[in-house]
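**Q** Sequence:
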Amino acid sequence: YFCELGVTNKIITLSIENFQTINSDISFEISSFEKKNNIEFADSQKEAILGAFENGIEIITGGPGTGKTTIIKCIIEIYENNGMKVLLAAPTGRAAKRMTEMTGIEASTLHRLLEIGKINDDGLYKKSQDYQGAPIDADIVIVDEMSMVDMFLMNYLLQSVYLGTKLV
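Position 161 of the sequence shown, counting from 1, maps to 161 under the working numbering, and the rest follow consecutively.
Calculated from the structure, these hints are not laboratory results. Keep in mind that the hints are not guaranteed to be accurate.
Pairwise CB distance ranges, derived in the manner of DEER restraints [to be verified]:
#	residue 1	residue 2	range
1	61	40	19 to 29 Å
2	54	32	14 to 24 Å
3	101	62	11 to 21 Å
4	146	101	31 to 41 Å
5	32	3	35 to 45 Å
6	4	81	32 to 42 Å
7	147	25	31 to 41 Å
8	112	80	17 to 27 Å
9	50	12	19 to 29 Å
10	54	135	14 to 24 Å
11	23	137	38 to 48 Å
These numbers were taken from a predicted model, which means no experiment stands behind them. Glycine included, C-beta positions come from ideal geometry on N, C-alpha and C.
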């Protein structure tokens, strides 16, 4: 119950707070990415990319082959071109490895990113016992395969995302 409340409150907070992190023309950068990669994004894809810059939290969904990975590559490139720190994570080692292969950027498991381990089905232990939701040191955190994340881990992740850090 308390994890659900924590997740709900943090998602609401992230969704209503708007911190503009890049002083660049995102639409121009999207066009540059399209030209460089010889592709053309659909309007819905462009909207998803823009959302990663305009919103505190952005959810990108779609079936296989709908361009989610290409959208993520574009978001990463724009953030990095603007000197910002991007972190990639996934709930499992296999998903993190696939994410690394698809983006060319090292992805870690959520447990490694958050420096936690699992005790049992009811709890997690923290590498640092004085952990109070210390922030993840990044401008944007991109997590793949979120459907595999349970409520405990989601709450822990959201505790670690400070306002101003984007979560995709």
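**Q** State for each hint whether it applies.
**A** Against the structure, the hints come out as follows:
1. In this structure the supplied range 19 to 29 Å holds for residue 61 paired with residue 40, their Cβ-Cβ distance being about 21 Å.
2. Under the hint 14 to 24 Å, the C-beta atoms of residue 54 and residue 32, about 19 Å apart, fit the expected range.
3. In this structure, residue 101 and residue 62 meet the distance hint of 11 to 21 Å, their C-beta atoms being roughly 19 Å apart.
4. The hint said 31 to 41 Å for the Cβ distance between residue 146 and residue 101, and at roughly 19 Å that hint is violated.
5. Take residue 32 and residue 3: their Cβ atoms lie about 41 Å apart, and the range 35 to 45 Å holds.
6. Range check, residue 4 to residue 81: about 38 Å between beta-carbon atoms, so the 32 to 42 Å window is met.
7. Separated by about 33 Å at the C-beta atoms, residue 147 and residue 25 satisfy the suggested range of 31 to 41 Å.
8. Between residue 112 and residue 80 the beta carbon distance is about 21 Å. The supplied range of 17 to 27 Å therefore holds.
9. Here the CB-CB span from residue 50 to residue 12 is close to 21 Å, well matched to the stated 19 to 29 Å.
10. For residue 54 paired with residue 135, a C-beta distance near 21 Å keeps the hint of 14 to 24 Å intact.
11. A hinted range of 38 to 48 Å is violated for the C-beta pair residue 23 and residue 137, which are about 21 Å apart.
Hints 4 and 11, counting from the list given before, are not met by this structure.
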